[in-house]
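Number of protein chains: 2
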Amino acid sequence: MAVNPIQNPIQFGIIGCADIARKVSRAIILAPNAALYAIGSRSIDKASQFAAANGFPPSAKIYGSYDDVLDDPDVDAVYVPLPTSLHIRWAVLAAEKKKHLLLEKPVALNVSEFDQILQACEANGVQFMDATMWMHNPRTANMKEFLSDSQRFGQLKTINSCFTFAADPDFLKNDIRVKPDLDALGALGDAGWYCVRSILWTADFELPKTVVALRGPVLNEVGVILSCGASLHWEDGKVATFHCSFLSNLTMDVTAIGTKGTLRLRDFIIPFEEDKASFTMGTESWFNELVTGWVPKPSEHTVTTDLPQEACMVREFSRLVEGIKGNGQSPEKKWPTFSRKTQLVLDAVKASIEKGFKPIEVVS
Amino acid sequence: MAVNPIQNPIQFGIIGCADIARKVSRAIILAPNAALYAIGSRSIDKASQFAAANGFPPSAKIYGSYDDVLDDPDVDAVYVPLPTSLHIRWAVLAAEKKKHLLLEKPVALNVSEFDQILQACEANGVQFMDATMWMHNPRTANMKEFLSDSQRFGQLKTINSCFTFAADPDFLKNDIRVKPDLDALGALGDAGWYCVRSILWTADFELPKTVVALRGPVLNEVGVILSCGASLHWEDGKVATFHCSFLSNLTMDVTAIGTKGTLRLRDFIIPFEEDKASFTMGTESWFNELVTGWVPKPSEHTVTTDLPQEACMVREFSRLVEGIKGNGQSPEKKWPTFSRKTQLVLDAVKASIEKGFKPIEVVS
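These protein sequences, in sequence, are chains X and U.
When you line the first sequence up against numbering that gives the first Met the number 0, it's residues 0 to 363, in that order.
When you line the second sequence up against numbering that gives the first Met the number 0, it's residues 0 to 363, in that order.
Quick caveat, the hints were computed from the structure, so don't treat them as lab data.
Please note that a few of the clues may not be correct.
To be verified - Derived DSS-like pairs: lysine-lysine, alpha-carbon spacing no greater than 27 Å straight-line:
no.	chain 1	residue 1	chain 2	residue 2
1	U	Lys172	X	Lys259
2	X	Lys357	U	Lys354
3	X	Lys208	U	Lys354
4	X	Lys275	U	Lys259
5	X	Lys259	U	Lys178
6	X	Lys178	X	Lys296
7	U	Lys275	X	Lys296
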């Protein structure tokens with residue numbers, strides 16, 4: 000009897016019980032073509048508690064090691080929320096075990112490590128995707144339509160992106176994101192990842208030619224970045240700036256300005272609300288006769304979402320996996336390419352900071 | 000019989016018939032303590048047409064030279080909308096003729112010229128104010144209350160400001176703001192002035208220690224800036240960035256982020272509408288439990304304005320002039336100080352561009 004692939008959801012294993020894995024567990028439950036299948040932790044008790052608290056079905060496999068998840072032949076795909084320094088080991092191993100790979104960001108400590116992950120994925124024919132959820136919000140496609148419209152937006156000229164949040168004292172002392180042996184890229188890898196991604200996304204993933212870190216990054220006593228920024232410069236004159244920080248009130252702004260239009264949003268990573276998301280478009284704005292008001296004013300557009308953006312991500316990833324598994328398709332290359340370009344720019348920002356804010360050429 | 004000063008409005012002379020003088024003429028009419036009294040142009044016909052078209056009373060003096068306005072003993076104050084390169088000559092002369100001085104921005108080609116203007120004002124006991132209208136919008140004071148609130152905003156960490164507009168081909172060929180002999184600072188002086196002012200205003204006019212121009216400014220064929228940006232750095236780690244341009248769609252954004260709060264507005268120079276103006280405040284924003292939404296969301300605040308902001312400016316300027324003229328008060332120093340600090344930072348941005356994007360120390 001022929002099996003309808005939709006009736007066989009992609010079976011996910013999760014390795015590690017990070018907080019973010021709670022959200023992704025729910026997303027796997029919500030995605031119509033995915034199923035929670037296994038959880039592995041270094042502690043089987045922790046895995047068991049995580050499964051119970053996060054809606055895993057009674058049949059789910061509970062493992063006391065990451066290896067056990069990767070060795071389970073019924074796991075199709077693995078979600079890896081481990082600290083960045085562990086990505087190369089576990090992501091490569093997952094690929095070698097033929098598991099499709101949904102990897103938390105930042106994808107690696109640097110592009111050289113990331114290339115090893117990608118090589119493993121390619122050699123083993125598995126799909127790679129990083130877990131940058133906002134890319135999958137229906138709003139994102141709507142915004143891209145506007146940015147791509149030569150009449151309404153024109154030629155892209157400048158972008159500003161900002162992601163900051165005010166970490167509490169416990170985070171600043173104990174979180175993996177302030178530890179040089181765990182998430183050595185600190186705020187640049189955690190928050191700056193989103194800023195850089197939003198800039199590259201706006202620029203249709205054309206890499207900048209040059210990256211210059213802004214002076215005055217804040218580092219903790221062991222050298223991990225808590226706050227920094229940079230400017231990105233393209234061959235055609237486009238300029239972008241970003242600021243990322245663990246030390247300021249929660250802010251998630253993107254402003255992209257073209258010759259004819261302006262796009263703005265204030266919640267680009269996590270929309271204010273789950274079931275809808277907004278952005279503002281201005282097109283050929285000008286003034287009234289005495290320059291005492293705008294004609295036309297920018298307008299707000301709201302996009303409703305049938306699924307939370309992280310479930311859209313799981314759905315898209317699972318669709319690609321199904322295509323490979325069930326229909327013999329090749330892995331979709333755009334996702335690893337987006338990840339790699341984001342990592343390349345992060346590397347350049349870090350290099351610029353280390354070299355006293357010198358401009359760094361971005362070489363792909 | 001004692002004369003009530005309110006019944007004797009401050010009598011304004013205008014020298015030059017620039018477009019912006021139309022808006023300020025209306026503001027002088029609207030301000031309850033000011034009156035349009037004289038207009039001077041190099042062409043008496045042009046002055047006459049300007050007066051007729053802009054609500055000057057029949058009794059208004061129409062002069063065929065700027066000197067005649069300055070020589071009229073009944074002119075209390077002069078509004079100077081001339082090209083920047085002419086400021087030093089006419090602003091100094093106006094002060095020497097004991098006229099209080101409302102001067103268009105940028106106030107001078109550099110701070111050394113501006114200091115000559117200020118010396119003339121001080122020596123002659125006249126009030127100086129630049130015509131940065133948004134400073135006088137009631138919204139501005141409301142926003143400052145928020146920024147000053149240690150509970151709601153906390154300590155200022157970063158600012159981004161942007162002012163761009165898409166100049167048409169005629170502007171880019173013929174406007175005084177693209178001519179090296181008229182407004183040599185180009186987009187930096189015209190649009191960047193507002194960005195720098197908004198940054199300094201946010202930072203309570205504490206000067207940055209260092210200014211670094213962003214790479215990739217656009218200059219026209221005679222070397223006038225059409226687009227540029229910079230980062231500003233303070234001793235305490237605060238960082239600001241700005242972008243100004245004649246080459247992108249109309250955008251006027253300020254985002255200021257503190258440890259506890261975020262202020263945003265999208266129409267800081269010219270509010271979308273004349274009778275009200277809004278801004279967004281976020282305070283101690285965080286996420287819901289699964290990080291799928293914000294709690295609380297930023298909130299929008301609207302301030303109604305009894306008078307257009309430019310009329311508020313004229314009213315405040317006239318109030319100060321009245322205090323000097325009628326009550327023997329001294330000129331208010333804060334306005335020339337704000338102007339001078341803004342000019343100092345513009346000078347530093349220009350120097351950084353000229354020196355290949357080197358950091359420039361700002362020395363007051």
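How the hints compare with the structure:
A hinted pair counts as satisfied when its Cα atoms are at most 27 Å apart, and U/Lys172 with X/Lys259 qualifies at roughly 19 Å. The hinted pair formed by X/Lys357 and U/Lys354 meets the criterion: a straight-line CA distance of about 15 Å does not exceed 27 Å. For the proposed pair X/Lys208 and U/Lys354, the alpha carbon gap of about 21 Å is at most 27 Å, so the pair holds. Distance hint between X/Lys275 and U/Lys259 is fulfilled; the C-alpha atoms sit about 26 Å from each other, no more than 27 Å.
Among the hinted pairs, X/Lys259 with U/Lys178 is consistent with the structure: their alpha-carbon atoms are about 24 Å apart, no more than 27 Å. Taking the CA atoms of X/Lys178 and X/Lys296, the gap is about 46 Å. The hint is violated against a cut of 27 Å. For the hint pairing U/Lys275 with X/Lys296, the CA-to-CA distance comes to about 14 Å; that is within 27 Å, so the pair holds.
Hint violations for this structure: number 6 only, all remaining hints satisfied.
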